[in-house]
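S.K.: One letter stands for each residue in the lines below.
There are 2 protein chains.
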Amino acid sequence: MTGATGPFPRRTHTCGSLSARDAGSKVTLTGWLLPGRKVGKELYFFPLKDSHGTVQLVVPSEVGKETLELISSVPVESTVLVQGTVSERPSKQKRPYPGGDVEITVTACTLLNPAEQPLPFTPSDEHNLPAEEFRLRYRYLDLRRSTLSGNLQKRSRVAHQIRTALHDHGFVEVETPILLKSTPEGAREFLVPTRLSASAPSSETSISATPRASFTQPLFYALPQSPQQPKQLLIASGAVDRYYQIARCFRDEDGRKDRQPEFTQIDLEMGWVSWGDDPSHARSDGWRIGGREVRETIEYLIRSIWQKEEGIELPETFKVMTYEEAMRRFGSDKPDTRFGLELQLVTHRFPEPVQDALATADQVVEAIVLRGKDTHPRSALKKKELYDAATSVSSAHSAECFASHSLPTLRGQDGACLVRVLSDGTVKGGSKDGSFGALNSPEVVRDALALTPGDTAWVARRSRTPEGGSTVLGRVRLLLSNLAQATGELTLATAPHFLWVTEFPLFTRADPDKDFLAHGRWSSTHHPFTAPMWEDIDRMYNGRISEVRGQHYDLVLNGVEVGGGSVRVHDAEMQEHIFSKILQLSEKEKSTFAHLLHALRCGAPPHGGIALGFDRLMAILCRTESIRDVIAFPKTGAGTDLLFKSPAAADSDGTLQQYGIQPRRSS
Amino acid sequence: MTGATGPFPRRTHTCGSLSARDAGSKVTLTGWLLPGRKVGKELYFFPLKDSHGTVQLVVPSEVGKETLELISSVPVESTVLVQGTVSERPSKQKRPYPGGDVEITVTACTLLNPAEQPLPFTPSDEHNLPAEEFRLRYRYLDLRRSTLSGNLQKRSRVAHQIRTALHDHGFVEVETPILLKSTPEGAREFLVPTRLSASAPSSETSISATPRASFTQPLFYALPQSPQQPKQLLIASGAVDRYYQIARCFRDEDGRKDRQPEFTQIDLEMGWVSWGDDPSHARSDGWRIGGREVRETIEYLIRSIWQKEEGIELPETFKVMTYEEAMRRFGSDKPDTRFGLELQLVTHRFPEPVQDALATADQVVEAIVLRGKDTHPRSALKKKELYDAATSVSSAHSAECFASHSLPTLRGQDGACLVRVLSDGTVKGGSKDGSFGALNSPEVVRDALALTPGDTAWVARRSRTPEGGSTVLGRVRLLLSNLAQATGELTLATAPHFLWVTEFPLFTRADPDKDFLAHGRWSSTHHPFTAPMWEDIDRMYNGRISEVRGQHYDLVLNGVEVGGGSVRVHDAEMQEHIFSKILQLSEKEKSTFAHLLHALRCGAPPHGGIALGFDRLMAILCRTESIRDVIAFPKTGAGTDLLFKSPAAADSDGTLQQYGIQPRRSS
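First to last, the sequence lines map onto chains A and B.
Residue numbers for the first sequence follow my numbering, beginning at 52 and rising by one.
Residue numbers for the second sequence follow my numbering, beginning at 52 and rising by one.
Check the hints yourself; a few may be wrong.
Which copy is meant is left open, because identical chains are indistinguishable; a pair holds if it fits in one copy or across any two.
List of simulated lysine-lysine pairs, BS3-like, C-alpha gap at most 27 angstroms [as the list claims (entries may be wrong)]:
id, residue 1, residue 2
1, K359, K92
2, K479, K639
3, K696, K632
4, K696, K639
Simulated from the structure, these hints should not be mistaken for lab results.
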């Protein structure tokens with residue numbers, strides 16, 4: 052059975068576009084033939100599907116033996132061209148998808164391309180799909196499923212809405228290089244070998260095991276983790292004052308759940324960002340930093356997407372919360388504000404010796420208290436996992452996977468103590484945190500928090516100045532919510548909760564495992580180009596580094612960070628101070644920022660920007676947990692492409708040779 | 052002098068948006084301060100420029116000493132925030148650029164960021180610009196020039212027009228992977244090392260100089276030269292039936308004039324492409340192949356761009372010419388049809404022995420004849436370069452740079468013979484092509500072409516079946532046109548001449564230097580997925596390979612190829628035949644196409660597509676010779692980025708180590 056290779060006519064309609072209004076029309080359709088059924092002796096029904104919808108084909112015996120034989124013998128998932136007449140289906144037979152209102156009485160059928168049998172799997176059989184890994188190998192079949200097809204179409208619609216909204220607001224789309232230079236921030240950058248090379252400096256030759264071996268030093272491009280430097284240089288140039296790009300970015304990190312080595316961000320940057328129409332009145336809404344134009348742009352964008360795709364009218368402006376408040380009330384820098392269970396700071400309720408010890412350690416105590424009268428989440432509290440998790444804090448080591456319903460383990464320098472007062476007054480609980488005995492005494496906790504029979508509480512220490520993305524009880528709070536949702540006690544609000552979190556600490560005590568710039572004590576919380584809040588500039592120059600807050604803003608949706616950005620440093624001296632005095636970059640490291648520093652010196656305007664994770668945003672809009680469902684050809688968590696069988700060995704040694712490299716010999 | 056780091060208000064207008072209608076308004080503006088001048092004792096004028104336009108600032112002495120001093124001492128190209136009142140300029144002082152109709156009487160001025168002095172160069176001083184290489188190092192200053200700024204803004208407008216037009220036509224934007232797999236076609240693909248590795252097969256270890264050294268085999272992604280395979284797989288899947296992407300592509304080729312290692316193409320692919328509404332009537336317009344939907348889409352796109360950006364109404368459909376006709380009449384597969392000077396085939400006019408010899412060699416003779424009565428291009432003919440070029444064909448070796456006005460040298464296996472008949476009847480001319488004596492006799496040529504005094508003619512041999520991109524006389528024709536334009540004798544039509552060239556030979560005798568798939572005698576003229584014309588399918592299966600024409604189409608504008616595409620093979624057996632029997636791919640090479648073959652077997656629809664070179668298209672629309680002028684951060688012809696100083700050595704040996712590679716030691 053072979054398909055058509057010669058001329059055939061144009062389709063007149065897509066399957067999905069047909070409706071009752073087309074009844075009586077003669078149409079030419081193309082699509083995939085799905086499994087049919089025979090009704091009585093003379094009538095066949097076959098669904099015909101294209102990427103727009105599905106119509107029912109009716110094949111009466113009058114169509115002729117040849118056509119009847121062809122259409123009933125064509126393998127499922129073959130592509131055909133069908134000519135016929137549209138009629139409206141009886142109400143009872145109408146189906147609630149595009150094309151579902153009509154049927155086509157077939158007059159002729161041409162086989163365009165037969166599908167082999169058996170197929171690896173049948174994409175239209177949604178209830179019988181093999182495992183994702185198998186389907187990824189045959190992505191060209193899997194994408195035929197309406198779900199994935201719909202996701203890709205939605206992604207395209209949203210991208211176009213974004214572009215149109217940004218163009219309407221005077222944004223200029225500019226493509227920045229993908230073959231860029233590696234930066235000292237970029238220990239996770241992919242390198243691209245080139246045929247260009249430099250002579251190796253003698254110092255490098257001399258450390259070679261075989262001192263007389265010579266080699267030319269290969270030269271590399273690097274793939275950008277984000278277009279941060281190009282976009283700042285672009286705005287500094289003045290060529291455009293509002294830049295955007297739906298930009299491909301690359302990060303070579305160890306396989307983390309739901310990450311891709313290449314991903315897409317909605318990237319924008321604006322010149323002349325300000326404090327608003329009237330700087331002195333701008334603060335009543337909690338936005339106490341610059342970059343109002345960025346905020347307004349993003350709120351407009353998000354509002355228009357939710358309006359068009361979800362039919363939801365979001366508020367004109369989104370709530371704003373400082374990092375300090377978010378950490379204090381929710382124990383998270385991306386709080387999920389769809390439910391309560393808020394944290395309290397309870398240091399002052401403990402006996403004086405405990406308070407003194409905490410002060411010496413520069414620590415405070417946070418608590419979640421569930422009074423007996425609170426009716427929920429009560430049954431969640433019975434889950435053993437909760438106790439296990441809350442009391443095994445010190446031995447846990449990862450809290451990465453909090454967005455999902457899976458049970459997280461908890462990490463922290465500080466332990467959590469769980470205390471329950473049973474109905475008979477017995478106090479139970481404690482933690483394995485032996486380092487701070489008083490808090491480990493259930494009775495002390497009961498007294499401090501005035502717990503009565505039926506109450507449950509968690510307490511945990513944290514450093515007085517909040518640090519990082521979450522506290523121990525912030526994680527307990529999410530765990531509690533997940534468990535309560537699982538038991539059905541908690542149903543989250545359906546309206547999306549958008550929230551700006553601002554005023555992050557500009558610098559963080561360096562974690563040498565995570566930050567390769569961390570020579571000194573401080574590293575940039577986000578990146579070294581973020582401007583301090585102007586109220587904190589003096590502190591920054593006077594060495595009160597921990598107190599300096601940045602003009603950074605994160606956009607949070609339902610507890611998920613969907614984007615972040617900042618007002619940038621535009622003052623070259625200040626940028627230089629940050630590089631040299633605070634981050635203590637070496638001259639060599641600084642040299643990779645030389646062009647940016649010089650661009651600031653050439654009259655760069657004040658500027659700021661933001662980047663939203665487009666894959667994540669689309670996963671939310673498509674109501675899927677996995678960003679792979681919104682990417683046409685995704686890679687696995689391990690970074691392999693099962694369809695294209697990539698990465699792969701180089702074709703030959705000669706290929707590497709022209710790039711001046713070779714496989715590394717192990718000694 | 053330091054700039055502002057604290058709060059400042061929002062600008063109310065851009066400089067370019069102000070017009071006489073705004074007279075009387077109080078405005079807040081931001082921009083770059085350009086050199087001013089003093090008029091009389093009390094009035095200063097300074098132009099203030101932003102990316103939208105330039106307004107004149109008037110600084111009266113009433114403004115106060117402080118502001119006066121600030122604004123007159125601020126270094127040129129500093130950024131300032133200015134408050135003032137708009138007034139209309141007297142007609143005589145109006146300037147023909149955005150903002151040129153008004154002036155601003157300044158009431159206050161804030162320095163936002165001072166520019167250092169001296170700057171490397173002053174972008175506003177367009178008549179005193181340093182060489183391009185110097186400016187590329189300071190691209191952030193160069194982009195401040197209105198020309199480049201305008202190019203980037205135009206590029207963004209055109210990109211958005213394209214996207215909007217495609218969305219309106221049901222196209223879905225889909226992002227395809229940039230981290231892809233290398234293909235056997237892809238000897239010019241960039242590789243990206245990964246941390247993943249495979250154990251090296253023993254055969255590779257055994258060729259090592261030190262047989263006992265072991266290594267793991269590093270694995271690589273490759274950057275795509277185009278999204279050809281992903282887009283075909285996407286359409287094969289049926290997820291979308293109209294795909295587009297403004298796609299970044301990568302090609303690692305030796306520096307050729309005006310090429311970039313990364314470039315952008317408008318890439319699209321359509322399922323169900325057909326022969327039109329009525330296949331039997333479709334041929335009257337010269338389009339005798341499938342893929343009508345692609346043609347119509349591109350014509351719509353191009354028409355709407357030219358209408359909106361150029362104010363030109365292009366014809367509803369573009370002319371179509373077969374490759375055979377283009378080569379015969381113009382000696383080029385991308386003919387510039389804005390002028391005549393057409394070629395003729397004159398084989399039959401030569402004496403029988405010459406014809407016999409030509410037949411034996413399977414050759415024909417092409418000619419350009421300029422009769423004495425033709426008034427142009429006469430003085431161009433006097434140029435010595437023309438003679439030199441036409442008579443030095445055999446020693447020439449490159450004809451790559453024909454689009455420009457520079458003098459090309461000619462390449463070809465066949466020589467060109469130039470013959471002039473002087474006014475006294477003397478015959479002059481000849482070529483250095485000693486291999487075919489008869490044509491080198493000026494008298495024989497004169498007689499064959501019936502040349503009379505004052506006539507000039509070129510003749511050249513070429514193979515009977517035209518091959519490649521141009522013939523000798525096709526190149527002479529362009530040279531003649533360039534010279535005639537230089538002398539002012541020829542002025543080309545201003546209306547753009549768009550043209551489709553179709554029916555290319557599907558296979559080409561392999562040039563082993565250029566085509567790494569060329570194991571057998573044949574390689575694909577464009578790529579191995581192009582479908583044959585259906586009339587030629589039997590020939591293809593019967594080994595008459597040279598006679599098989601492909602369903603390929605190139606879009607040509609004024610002699611420049613701006614895009615190309617084809618109807619693809621959708622029949623797996625046919626694709627397999629092409630891979631195995633014609634291109635003679637090895638099993639290993641074929642295996643890299645295994646997923647595509649299988650996708651065809653899973654019921655792929657007939658499909659076709661096209662890609663337009665976006666950088667080249669924008670260079671044409673921006674009237675610049677160099678695509679670097681339409682790219683924000685371009686690389687040099689050698690592939691270096693002078694701004695970001697890329698490519699560069701890897702940070703450390705450790706960086707390479709984690710990718711399992713090391714610099715190649717020379718032995």
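S.K.: Hint by hint, say whether it matches the structure.
M.R.: Hint check results:
For a Cα distance limit of 27 angstroms, the shortest separation of K359 from K92 qualifies neither inside one copy, at 48 angstroms, nor across copies, at 60 angstroms. Taking the shortest Cα distances, K479 and K639 never come within 27 angstroms of each other, neither inside one copy (58 angstroms) nor across copies (68 angstroms). Taking the shortest alpha-carbon separations for K696 and K632, only the inter-copy value of 25 angstroms comes in at or below 27 angstroms, while the best intra-copy value is 47 angstroms. Only between protomers do K696 and K639 lie at most 27 angstroms apart by alpha-carbon distance; the minimum there is 13 angstroms, versus 39 angstroms within a single protomer.
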